[in-house]
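What follows is each chain in one-letter form.
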Amino acid sequence: MEILTALITLDKLPLKACGEIVGVDWDSLSEKDARRLRELGVDEGVEVEKLHKGPFGIDPIACRIGRMTIALRSAQAAAIAVRPRASE
Amino acid sequence: MNPTPLVALAGNPNAGKSALFNALTGARQKVGNYPGVTVERKSGRMMLADGRPVEMLDLPGTYSLTPSSPDEAVTHDVLLGKQEGERLPSALLIVVDATNLDNHLRFALQLIALGLPTVVALNMIDMATRDGLTIDAAKLSEELGVPVIPTVAVRKKGIDELKAAIGMLAAGGAVKINGDDPALHQDIVELQRRARAMAVAATTEESFRRRWTHRADAVALHPIIGPILLATILFVMFQAVFAWSAVPADMIDQGIQQIQALVSASMDAGFFRSLITEGLLAGVGAVVVFLPQILILFLFILLLEASGYMVRAAFIMDHLMARVGLSGRAFIPLLSSFACAIPGIMATRTIDDPKDRLTTILIAPLMTCSARLPVYAVIIAAFIPARDIGPGVGLQGLVLFALYLAGIAGAMLTAFVLRHTVTKGPPPGFMMEMPRYQMPILRDILLGLWQRAWIFLRRAGTIIAATTVILWLLVSYPKPPADFAHPPIDYSIAGRIANTIEPVFRPIGFNRDMALALIPAMAAREVAVSALATVYAVDAGDETIQERSLIDRLRGRWSLPTALAFLAWFVFAPQCISTIAVVRRETNGWKWTGFMLAYLFALAYVAAGATYWSAIALGL
Numbered sequence: 308m309e310i311l312t313a314l315i316t317l318d319k320l321p322l323k324a325c326g327e328i329v330g331v332d333w334d335s336l337s338e339k340d341a342r343r344l345r346e347l348g349v350d351e352g353v354e355v356e357k358l359h360k361g362p363f364g365i366d367p368i369a370c371r372i373g374r375m376t377i378a379l380r381s382a383q384a385a386a387i388a389v390r391p392r393a394s395e
Numbered sequence: 015m016n017p018t019p020l021v022a023l024a025g026n027p028n029a030g031k032s033a034l035f036n037a038l039t040g041a042r043q044k045v046g047n048y049p050g051v052t053v054e055r056k057s058g059r060m061m062l063a064d065g066r067p068v069e070m071l072d073l074p075g076t077y078s079l080t081p082s083s084p085d086e087a088v089t090h091d092v093l094l095g096k097q098e099g100e101r102l103p104s105a106l107l108i109v110v111d112a113t114n115l116d117n118h119l120r121f122a123l124q125l126i127a128l129g130l131p132t133v134v135a136l137n138m139i140d141m142a143t144r145d146g147l148t149i150d151a152a153k154l155s156e157e158l159g160v161p162v163i164p165t166v167a168v169r170k171k172g173i174d175e176l177k178a179a180i181g182m183l184a185a186g187g188a189v190k191i192n193g194d195d196p197a198l199h200q201d202i203v204e205l206q207r208r209a210r211a212m213a214v215a216a217t218t219e220e221s222f223r224r225r226w227t228h229r230a231d232a233v234a235l236h237p238i239i240g241p242i243l244l245a246t247i248l249f250v251m252f253q254a255v256f257a258w259s260a261v262p263a264d265m266i267d268q269g270i271q272q273i274q275a276l277v278s279a280s281m282d283a284g285f286f287r288s289l290i291t292e293g294l295l296a297g298v299g300a301v302v303v304f305l306p307q308i309l310i311l312f313l314f315i316l317l318l319e320a321s322g323y324m325v326r327a328a329f330i331m332d333h334l335m336a337r338v339g340l341s342g343r344a345f346i347p348l349l350s351s352f353a354c355a356i357p358g359i360m361a362t363r364t365i366d367d368p369k370d371r372l373t374t375i376l377i378a379p380l381m382t383c384s385a386r387l388p389v390y391a392v393i394i395a396a397f398i399p400a401r402d403i404g405p406g407v408g409l410q411g412l413v414l415f416a417l418y419l420a421g422i423a424g425a426m427l428t429a430f431v432l433r434h435t436v437t438k439g440p441p442p443g444f445m446m447e448m449p450r451y452q453m454p455i456l457r458d459i460l461l462g463l464w465q466r467a468w469i470f471l472r473r474a475g476t477i478i479a480a481t482t483v484i485l486w487l488l489v490s491y492p493k494p495p496a497d498f499a500h501p502p503i504d505y506s507i508a509g510r511i512a513n514t515i516e517p518v519f520r521p522i523g524f525n526r527d528m529a530l531a532l533i534p535a536m537a538a539r540e541v542a543v544s545a546l547a548t549v550y551a552v553d554a555g556d557e558t559i560q561e562r563s564l565i566d567r568l569r570g571r572w573s574l575p576t577a578l579a580f581l582a583w584f585v586f587a588p589q590c591i592s593t594i595a596v597v598r599r600e601t602n603g604w605k606w607t608g609f610m611l612a613y614l615f616a617l618a619y620v621a622a623g624a625t626y627w628s629a630i631a632l633g634l
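Chains as they are written, first to last, in the working numbering: chain A, 308 to 395; chain Y, 15 to 634.
Partial list, derived from the structure: chain Y residues whose beta carbon lies under 8 Å from chain A:
| no. | residue |
| --- | --- |
| 1 | THR113 |
| 2 | ASN114 |
| 3 | GLN206 |
| 4 | ASP231 |
| 5 | GLY240 |
| 6 | PHE329 |
| 7 | ASP332 |
| 8 | HIS333 |
| 9 | PHE444 |
| 10 | MET445 |
| 11 | MET446 |
| 12 | GLU447 |
| 13 | MET448 |
FYI, nobody ran anything at the bench for these hints, they're computed from the structure.
Virtual Cβ for every residue (Gly too), placed ideally from N, Cα, C.
Chain A extracted, bound-state conformation (with noise of 0.2 Å):
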């Protein structure tokens, strides 16, 4: 059974850790970014997962997010709602 986990934001999501996208703050995002998003399949329903972080700790992050894997700048993660799925 799956526990009921807190929503946190993509950024936020510790390294190694899978999760569902929940939601997008669409809006938060300037118009380009927010359509690259979408190209790069971020959508509410897909699985992520922290996969790496920039040499400095912070940013880019790097993460899977269904089949496909992508950098982004932690500024852009954070417009994504991710709830954390309980580690196996």
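Given the coordinates of chain A, work out where chain Y should sit on it, guided by the hints.
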């Protein structure tokens, strides 16, 4: 009667489109440009099984038809028959990555909605199997309403089937474009959901994993090992450019000298012999010698791109680039600019933030391109003593390294200033797909190298050959009267021009010969070397022009501060007509091109002057 059918190849980046294009057309390719934009037009001829030819057009890899970057605009315009100078394709080949169907099908749906006769290549089907995915091509074909053919481009699997399908489609008559189909303008999210549902329906997933890419990324993107790895790769790359090129460069050099000797022996002394040996062969030869270095640099860049590492490099560099207001994406064009600013500037088309892109274009000429090497090499050899200042660290190498660093530092500083003034704007985002690692395909790398070599040689054979011949004429004529007291060059047209502009350059320590060399070097930087060689050869009335003698002559005529000032000038000066032309085309006008020219010349003048007077003050 009918013209050769045109079939367009479209798809997401990283779908293996180029490999498929190469597999379909072989080496019969033509690389050009669309008028008005620097988007590369790549086309090739493909022979169908029945012998009919088809022209394949490789469109740039894009994520959608929304025309927001130049690449996307060209894709959009070609497929709607609106691209100037391009006929409407009679069929469309969509390439999708079998391992990433949910994403690639979205763009495919948008493309299919156009209404062109379409076939889908379900590429990298072998990778999907390895990733634990089984895909039902028949079911997918049913859902999409177009034929779907599984392919493995790199192993040429499914190519015959694909050719047969294209043959069937291209046989149809005139096509009409469904420019008003609602799917064209449909919301991305809506299309994405449809695509995802289709992908799920056609795919049986056992255990999806990309073990290899994950393991490699654990190292390549490691917060500490990653940057060290990147620095090591770059170090090896620049070492190789010098170390590996010595032997082939010597061979080219000797070959040119043999041709000169052959021409000298077989022709009577006179105008034409001098024109060919002193003008043409000496000038073009001085440039062609650098072909090995340029090819080695491109080899590394092509390998880094084909393997998928380049995006990781951008990832690692993003934070540093962000500090000067750029994004990691700018790193790729800037790295290419070390080979040549032209492909570098063309590579900026993948940057979608217009101000980020403009800033990158404006600083790209500051990256030390391979055309500066001849100038640096000659001046360093002449004025910097070849002694070691530490174990394995030579002074000459250190000076060269410092010149590279000066270019990079200048670029970063300029970017910082520009982003806070003329290209001010919100910080660009950094979003990139990180494709799987792939073994580069030898055939594709060789094809890329051959295309670069051809572009370089064509340039050497046209613009550089023409300018050196013109310069030779200008420094050789008119011949002075017998009682002319000064060196003969002072009487020539070039000598008179140089005497006129020399006062401008005198405050920064340049002499007349340098002012003279700067004029033809506007065509291409490396011409400065052949120009100096020509000037001093004509001046001395010599018959043979050799680099060694040029170095000796420079030593006798230039002071050390003058030589250092000349080096500083070349770090910054925008001395390359082709780059200026590309910037003009890329920025759509003279405004930013003029701005770039002005700031680079000003930087060069100030840097050369500062170097000269500091060197004098230090008593060098």
